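Number of protein chains: 2
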Amino acid sequence: MSYINENFMELQDSYLFSTIAKKVAKYTQEHPDKKVIKLGIGDVTRPLATACIEAMHKAVDEMSTQNNFKGYGPEQGYEFLRKAIAKNDYESRGITIEEDEIFVSDGAKCDTGNIVDIFAKENKVAITDPVYPVYLDTNVMSGRSGKYNKQTETYENIEYLPVMAENDFKPELPKQKVDMIYLCFPNNPTGTVLTKEELKKWIDYAKQNNSIILYDSAYEAFITEPNIPHSIYEIEGAKDVAIEFRSYSKTAGFTGIRCAYVVIPKQLKGYTKQGEEVSYNKLWNRRTCTKFNGASYIVQKAAEAIYTKEGQKQIKENIQYYMENAKIIREGLEKAGIKYYGGVNAPYVWLKVPQGMTSWEFFDKLLEEANIVGTPGSGFGPHGEGYFRLTAFGTKESTQEAMERIKKLKI
Amino acid sequence: MSYINENFMELQDSYLFSTIAKKVAKYTQEHPDKKVIKLGIGDVTRPLATACIEAMHKAVDEMSTQNNFKGYGPEQGYEFLRKAIAKNDYESRGITIEEDEIFVSDGAKCDTGNIVDIFAKENKVAITDPVYPVYLDTNVMSGRSGKYNKQTETYENIEYLPVMAENDFKPELPKQKVDMIYLCFPNNPTGTVLTKEELKKWIDYAKQNNSIILYDSAYEAFITEPNIPHSIYEIEGAKDVAIEFRSYSKTAGFTGIRCAYVVIPKQLKGYTKQGEEVSYNKLWNRRTCTKFNGASYIVQKAAEAIYTKEGQKQIKENIQYYMENAKIIREGLEKAGIKYYGGVNAPYVWLKVPQGMTSWEFFDKLLEEANIVGTPGSGFGPHGEGYFRLTAFGTKESTQEAMERIKKLKI
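The listed protein sequences correspond, in order, to chains V and W.
Residue numbers for the first sequence follow the numbering used here, beginning at 1095 and rising by one.
Residue numbers for the second sequence follow the numbering used here, beginning at 1095 and rising by one.
Warning: the hint list may mix true and false statements.
Claimed, not checked - No more than 16 Å apart at the CA atoms, straight line, and that leaves these computed lysine to aspartate or glutamate pairs for EDC-like:
(1) K1376(V) to D1107(W)
(2) K1152(W) to D1155(V)
(3) K1376(V) to E1148(W)
(4) K1367(V) to E1100(W)
(5) K1376(V) to E1104(W)
(6) K1152(V) to E1148(W)
To be verified - A partial selection of chain W residues facing chain V, derived with a Cβ cut-off under 7 Å:
(7) I1098
(8) E1100
(9) V1138
(10) L1142
(11) Q1160
(12) F1163
(13) C1204
(14) E1216
(15) M1274
(16) Q1302
(17) S1305
(18) G1350
(19) K1429
(20) A1430
Just so you know, the hints here were simulated from the structure itself, not pulled from any lab data.
Model, not experiment: these values are computed from the prediction.
We put the beta carbon where it would ideally sit given N, CA and C, even for glycine.
Kindly generate the complete structure, drawing on both the sequences and the hints.
Here you go:
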C-alpha cells in the first residue's frame, strides 16, 4: 500500500490569485466597456535585453552543428557563467565567492523550495510575515510546520516575524531560538529594505545560535539608495551563517527564460545530532548532482550576456523603466492621501488600506470604482491584513492612468 | 543550531565516472600517441533537429518584442506542449491521457528525483539492480533506505530486484510486499526490455498490493520490435497504478536543452495512514506549483517542434543513426565471441565480461589493449558485476573502429 506524504495535508490552499482572477473575470464580463488595469502580478513585461537575445540565437546555432553541439553540462552550471557571477555580482562589491560556491539553477523558486532537502526535519523555522509563500509551504511539505491554526492563520511550529508599519518593516529578532531564518530584502511583498547595520543584527543572532539565514536577494537590482546591501555577504561574518539566493527573473526579465543561482559558502556548516560539523555546500552539491542536470545551455548563455557592457546597460534601462513606474505609483498615492511603503528600492509598493477596510474590501473598491487590480496584503500572511500591493511591472501609460484614477477615488 | 538532513550521510559516494575519467586521463598522458574511443557516456552527440532549432530561433525572437514577450508560464507546462504530448505520445497509441495529467519539466532526472516528495517516508521501495542511481539515491536522501551494508553493497530497507542473464533480465516479483516500484524499460544500463505480457504481471502485482509503479520510459523512442510497450499505459489497468516518466533527452537530443515530462493519471491514489484516498496528481500539482516555475518557454517551443512532421522525421534519423551504431557494436561483439544483451530496443549494449574477470578488470583491459572506454557494470549496482556497458552515442566511424579493435583483442 503506497502512503502519501501527509505533510501535504497541512498545506492551506491559496485561493489568492485564483480568487483575484475570478473577481476580475466577473467584473469584466459585467462591464465590458471598462478598461481594467492590472497592477497585481509580480511578473515582468519588457522585452529581453538585446544582448541576451543575441546570445541565445548564437547558442541555438551552436546546437545545430556537430562540432559545437552541447549535451549534458555540469550540474552546477557552466564555468563561464559561474566565473561571470563571481566577478560581477561579488568581486565588484569586494566579496570573494569561489566558483564552487555558486550553483546555477532554473529558478529561485526551485532553489528556495528545494533547499529544505538538506536540512533536518527538526529545525525550527522563522519566516517574516507577510511573506513569499514558497518559504512557508515547502517547510510545511517537509514536515517542519506542525499543525495549522485556523483562528490565528499560523502553523504551530513556525516562528512568525511580523513586518509592518509599527516596526518600520524591520523584523524583530526571534523570541525563541530558531535554526533556519528566511529573510528576503528588498522585500516581497512590502518593497521595504534593511540597512547593513540592521542586517548585521541578524548575522550576529545567527552566529550566537548557530542558525542559518536563507537570504533571498532576488530584487537587489532594484536598489537605488546607498547603504542598502545588495548581498548579505557585504556584511562581515555572513559567509559563516548565510545562504544567498539570486535570480535573473526580475533583474533581467527571465521569468519565462528560467535562470537563477544560489551561493553556499564552503565554510557554512550544519550539524548532525551527534554534533559533527557538515558542509552545506557539500550537501547541496550532492543534492544538485543527484536531482538536477543543469540549466539549459542556451539559458546559461543568455545569463552570461547580462554581464557584458551592453547587457548591463540594457537590463538597467528596463529596471529604470520599472522604477519610474514605482515613482509614478508613489507620487500618485501621495497625492491621493494614501499612506504607502516601499517602491524606492523595489518594484513593489505596499500601501495601507483606508482605515476600517480589509485588504479584500479595498480590492473590491479599487476594482469597481477605479478598475484597477492589485493584490490584497492578507494573501501574503496574517500581518499583511490592512495592506495592499501594487507592482511597477506594467507599462508607463497604464501606470499613469491608474494613478489618475486612484487620485479621483473617494476614500 | 541548524541540523542537517542526516539521511545524506548514508549516501555512498559514487566514484564511477570520476574513476573512469582519472584512469583515462592517466592512460592518455602516458600514451599520447594512442587514439582513445569513448563509448562510456550516456549522452547524445548529434546536432539538434532543424525543426527544433527553427522553433527556438522563433521563440527567442518573440522574447525580443513587447507584444510577444513571455513571462511566467503555467508551472505544469504550456497548453500547446501538453496537447501535443497527449495527442502524439498517447492518443496515437490508443491511450487517453488528459492535459492535466501531464506535467512538463526541465528533465527526467529532476522528475524521478523530486517525485519522492509526495510519498510517505515509510513506504517500502523496490529497485531493479543494476539501476540508474537516481532512484536509489533520492530514496536514501529522503529516508527510505535504512543503513548501508558495505559487505552486500545494499541498503537494508531497499528491495533489490536482480536483472541479469540468469533471469533473462526480467526482474522477479518482490518476495515481500513493496509500496513503490521503480521500473525502467528499455532499461538503463542493460538495454533490455519487457514485453506487454511481462509488464502486465507488474500491473497485477501493484493492483493486488496497492503499490505504485514509477515507470521510466526515457528510452522508448529506441524500441524497434513490436509487442514492446512504449508506454506502461498500453497495458490495461496501468492508469490505476503507474506514474510514467518521459524525457526528450535521448529521444530528441535534449540533454543540453532540458525538457521532460511526467504523467500522473487522476485516478491514481495513495493513502493516508488513516486509510483516506488521496490523488497523487493533486499532490504533484501542488508540489509543482510550489517548487517549480515551468520549463523555459524557448525549450517548450523546441519540444513542441518535435511533434511536427519534419521534427518527427529528423529525430528519427538521429535515432536510426544511433541504432545503426548499436548494430555495429552487436555485430562486432558477435564476431569477437563476446556474449551481449540489449542494443536492439535501446542505445545500450550490455556485455558479459570474459569469465574470471571483474567489470573493472575488463575496463582496464579494454582501455589498455584496445584504447576503448566503456562503463563497468558494477558501477550500477552489485548485480552489474561481471557486465560492461557500451553506448551507441558515438560517431559511426569511431564505433566501427572500436569494434575492429575489439575483434583483435585476445580474450
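Verification of the hints:
| no. | hint | verdict |
| --- | --- | --- |
| 1 | K1376(V) to D1107(W) | holds, 12 Å |
| 2 | K1152(W) to D1155(V) | holds, 12 Å |
| 3 | K1376(V) to E1148(W) | violated, 40 Å |
| 4 | K1367(V) to E1100(W) | holds, 8 Å |
| 5 | K1376(V) to E1104(W) | holds, 14 Å |
| 6 | K1152(V) to E1148(W) | holds, 12 Å |
| 7 | I1098 | holds, 4 Å |
| 8 | E1100 | holds, 6 Å |
| 9 | V1138 | holds, 5 Å |
| 10 | L1142 | holds, 5 Å |
| 11 | Q1160 | holds, 6 Å |
| 12 | F1163 | holds, 5 Å |
| 13 | C1204 | holds, 6 Å |
| 14 | E1216 | holds, 6 Å |
| 15 | M1274 | holds, 6 Å |
| 16 | Q1302 | violated, 11 Å |
| 17 | S1305 | holds, 6 Å |
| 18 | G1350 | holds, 4 Å |
| 19 | K1429 | violated, 29 Å |
| 20 | A1430 | violated, 28 Å |
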